[in-house]
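The task is simple: from the sequences and hints, build the whole structure.
In order, the protein sequences belong to chains A and B.
Quick note on numbering: the first sequence equals residues 1 to 444 in the numbering used here.
Quick note on numbering: the second sequence equals residues 1 to 495 in the numbering used here.
Derived by calculation from the structure, the hints in this document are not laboratory data.
Don't be surprised by glycine CBs; every beta carbon is placed ideally from N, CA and C.
There could be a bad hint or two in this list.
[Stated by the list, open to error] Cut-off 30 Å, straight-line C-alpha distance, at most; resulting in silico cross-link-like pairs (BS3-like, lysine-lysine):
(1) Lys401/A <-> Lys290/B
(2) Lys94/B <-> Lys399/A
(3) Lys475/B <-> Lys208/A
(4) Lys463/B <-> Lys48/A
(5) Lys290/B <-> Lys330/B
(6) Lys330/B <-> Lys425/B
(7) Lys401/A <-> Lys94/B
(8) Lys425/B <-> Lys83/A
[To be verified] Label pairs and their calculated CB-CB ranges:
(9) Asp435/B <-> Glu276/A: 58 to 68 Å
(10) Gln402/A <-> Thr218/B: 24 to 34 Å
(11) Arg451/B <-> Asp144/A: 45 to 55 Å
(12) Gly157/B <-> Tyr302/A: 51 to 61 Å
Here's the letter readout for the chains.
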Amino acid sequence: MSGFIEQQRFMCAIGGMQTVVAIPRAVPILHSGPGCGVMVSGFFDRAKGYAGGNTAPCSNFTEREVVFGGEEKLETLIRNTYKVLDTDLQVVLTGCTSAIVGDDAGQVAKRFAEEGKPIVYVDTPGFKCSNFEAHSLIVNAVIDQYVDRYAYNHTEKDPGLVNLFATIPYQDPFWKGNLEEFKRIFQGIGLRVNLLFGPHSGGVEEWKSIPQAGFNVLVSPWYGLPIVEHLEEKYGQPFYHFPYLPIGGNETTRFLRGLAEFARTQGVDLPKERVEGFVAQEEKVFYEELDSLATFLLEFRYGLPNFVHVLHDASYIIGISKFLLHETGIVPKEQFVTDNVPEEYHEGIRAEMAKISDKKTIPVFFQPDAGAAQQQIREASYPGRGLIIGGGWDKQLAKDKQYDFLSASLPSPYRLVMTTGYAGYKGGLRLIEDIYGKVLDTYN
Amino acid sequence: MSTVNLKAAEVQVRENRLGSITGFKGTAAELVQCAQCGELTDSERSFSQCLGCSTSNATCAVALIQDSAVISHGPVGCAGRLHDYGFTYRVNGKHRGVTNPQQRRIFSTNMDEHDTVYGGNEKLAATIREVYERVKPNVIFIVTTCASGIIGDDVQGIADEVEQEIGIPVSPIFCEGFRSKIWTSGFDAGYHGVARKLIKPAAKKQSDLVNIVNFWGTDVFGEWFKRLRLRANYLTPYATVAQIETSSEAVATVQICSTLGSYLAAALEQEFGVPEISVSPPYGIEQTEKWFRELGRMTDREAEAETFLREEREKWLPEIEELREKLGGKTAYVTAGASHGHALLGLLKELRLRPLGAAIFHHDPVYDKGVDSLDSLNNLVEEYGDIPGYNVCNKQEFELVNILNRTKPDILLARHGGMTLWGAKFGIPSLLIGDEHYGMGYEGIVKYGRRIVDAIENDEFVKNLARHTVIPYSKWWLEQDPYAFLGSALEAEGF
Chain A
1 MSGFIEQQRF MCAIGGMQTV VAIPRAVPIL HSGPGCGVMV SGFFDRAKGY AGGNTAPCSN
61 FTEREVVFGG EEKLETLIRN TYKVLDTDLQ VVLTGCTSAI VGDDAGQVAK RFAEEGKPIV
121 YVDTPGFKCS NFEAHSLIVN AVIDQYVDRY AYNHTEKDPG LVNLFATIPY QDPFWKGNLE
181 EFKRIFQGIG LRVNLLFGPH SGGVEEWKSI PQAGFNVLVS PWYGLPIVEH LEEKYGQPFY
241 HFPYLPIGGN ETTRFLRGLA EFARTQGVDL PKERVEGFVA QEEKVFYEEL DSLATFLLEF
301 RYGLPNFVHV LHDASYIIGI SKFLLHETGI VPKEQFVTDN VPEEYHEGIR AEMAKISDKK
361 TIPVFFQPDA GAAQQQIREA SYPGRGLIIG GGWDKQLAKD KQYDFLSASL PSPYRLVMTT
421 GYAGYKGGLR LIEDIYGKVL DTYN
Chain B
1 MSTVNLKAAE VQVRENRLGS ITGFKGTAAE LVQCAQCGEL TDSERSFSQC LGCSTSNATC
61 AVALIQDSAV ISHGPVGCAG RLHDYGFTYR VNGKHRGVTN PQQRRIFSTN MDEHDTVYGG
121 NEKLAATIRE VYERVKPNVI FIVTTCASGI IGDDVQGIAD EVEQEIGIPV SPIFCEGFRS
181 KIWTSGFDAG YHGVARKLIK PAAKKQSDLV NIVNFWGTDV FGEWFKRLRL RANYLTPYAT
241 VAQIETSSEA VATVQICSTL GSYLAAALEQ EFGVPEISVS PPYGIEQTEK WFRELGRMTD
301 REAEAETFLR EEREKWLPEI EELREKLGGK TAYVTAGASH GHALLGLLKE LRLRPLGAAI
361 FHHDPVYDKG VDSLDSLNNL VEEYGDIPGY NVCNKQEFEL VNILNRTKPD ILLARHGGMT
421 LWGAKFGIPS LLIGDEHYGM GYEGIVKYGR RIVDAIENDE FVKNLARHTV IPYSKWWLEQ
481 DPYAFLGSAL EAEGF
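Have a look at this one:
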């Protein structure tokens, strides 16, 4: 049984509607209670996209549908959605009400699919799982019910093309920027990539080429795993698994070398000179900045952060801890994984955290109840200046502890993020700018 | 019959309690007439977009009480947007003398599949106990959700049981989303929980204390009330439990919006003997005059009220005239909640703008006090004349988009987030003023007028946005009647 949660940092399954919103010109159709859509858009920032938020059609369950079922209402809603909105893909998502009263929304959607409509149905009642898990359910449903029907080619592979699963749109506030950087570095070593989400993707046309990719890339400790496993089974595509977000010089190079190596085992012709040439150029740019920053980091007499607590999802926790320790010298203290990671993945995440340093152990806690995580930070005390990287809830905590604070996870009402990313070489430099920019702002 | 019954665990939703509706097309006068004849029936839509539900509004009424904790009993998503109250509380505390606002304590029982099958009673009980230990609040509110409601958890029983154990009020608030299409039913549910569990019978009266049912707007009343020798008791955001307990000692209750405060004001009057003002809130000259006179009468400060009004008139009337010159004849469209929407329409008329129509989220034919003089739409029509194109529409964006595209007013005045975007997408200057207190009194007319002038004058941004924006609505839809998907059930015979 799951425990209660204070200060939630993620959504329930229907929060996965943002996965749909992130696909250009796709529309989520909610078969749910009236408040679900508003709770979702109120959790995420600037999350309307093309047809989410107030635009998203919803059957808005009332007492009548709870008693008599809402399938008819859904059918009418979908039919009229085609009249009112111009969209390329429709994804029906069910909420708690529909699931508990036993509506068969799948049958309703199927009737439209039989008429030739590009419609997908996914069961996403809030009690089923978090949006971290629902993301995979939705992507797999789109693959099975849409991609599989409309794909240009199911069998012939294009070895230089890969599908990337590296982020949960909107739940990751940096998803757009991260995807942009991934595309840049993939192209840098000679791979073409299907991003599938956001403005740098090719929308539904790109989704249709999923089966043609030579292999898949998963950047995540656990979420998204069901997608690449599904694709492996369905289209015989193996996957390259990098279990955290690569941030900065060390880790991005490690990621790219591993990726190139994997690609070669899949028969992709990636000349070593091209890969190493790209890496060398990127590292040159990255370390030129770090070199010129070092004096500041080592000498600034008025105080810079010495240690950090991060409250984020597991991918960021590992990525940020590795990055800050090795590339800025900020020492990670207690780290709090807030994304409700299923038990079976805990060990792998701990193992990855243990690799960060052979000199020190970084304590990591799996704590979706972020109120409890905060309590632990309140009670901890270390010499030097502290930094908290977390969500909007943590601003007051940082103030009370007199720590520096960077808002980098949801919910994040105190920060505006548009296309900023923290992944890759560029993301690493940006993270440094953001942290030390905040610190310098404290000097008036 | 009174709509207030504090012995009952739940308050009825507005549809059943007040006969409120969410679908209507016609004019404001027609709606008033229809409502007065008891011929108001709701209309259904065969296409609809995400609405909003009572949970947020119920939480809004209780989460900002200084020493409270709130538990959402349901899946974690049902508390998804509640963090917003944490932000609000921190940034607006300065208006209410809360200089170091602390984090809001908002919990979810995080109901999972197991709980929906076997029930969430035990989990709820355990959560209440642990929340008490972690927070040591002076009250714990439990807001219910669709899931906890449908599976039939005994929230009332659990609350009573744990309340006995921990010795502080544990107040269940029944606000399942599917029960009402009118999310303001959530305010009533929240206030019901406050009135039942917190407000105590008055031990004495404080002759200068006036309750103000409001959100978290700027402290305009504090300044005004000083001139009337009154003190403002703001309910419920930023109040403490102790302060709410003694709100029964006040001499009167006023509210910034009858949609918001109808139920709490009526409960204070009917159960605790604090009279509710029988005049619509002070927006526009006519209502401002009536409101302050009535307040003066209720608090035995008639002379002070007259002095106040005279001073205000002298100070602001000249600029109101100037603004009327500038704005006279300009066209406007309003989208807002009910009573506040009426207030905004009044302000526009006061400034001589011409409303082309309004999309108002719902309509209450009557408020809980049950007196005609509080009928803010009727007051509006009587003072300023009819409003054409008066559409009752619960944030159905597609209808608004269609209407804006055809009416192209000089300005869109919105209240509640998300709607101004559609003005801007069509290049229409769009204004949303979050602070509900901004437009009150003579001063408010001037402040609003200045902002409208400013928005119309500085339209470069919306014009530019209109050139680059993407609109997901089909060409077909933009050419249809805006009410094409609104059922005809409302074609009442009285028309």
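Hint check:
| no. | hint | verdict |
| --- | --- | --- |
| 1 | Lys401/A <-> Lys290/B | violated (51 Å) |
| 2 | Lys94/B <-> Lys399/A | holds (17 Å) |
| 3 | Lys475/B <-> Lys208/A | holds (27 Å) |
| 4 | Lys463/B <-> Lys48/A | holds (21 Å) |
| 5 | Lys290/B <-> Lys330/B | holds (27 Å) |
| 6 | Lys330/B <-> Lys425/B | holds (20 Å) |
| 7 | Lys401/A <-> Lys94/B | holds (21 Å) |
| 8 | Lys425/B <-> Lys83/A | holds (21 Å) |
| 9 | Asp435/B <-> Glu276/A: 58 to 68 Å | holds (59 Å) |
| 10 | Gln402/A <-> Thr218/B: 24 to 34 Å | holds (30 Å) |
| 11 | Arg451/B <-> Asp144/A: 45 to 55 Å | holds (52 Å) |
| 12 | Gly157/B <-> Tyr302/A: 51 to 61 Å | holds (59 Å) |
The structure is inconsistent with hint 1 alone, although it conforms to all the rest.
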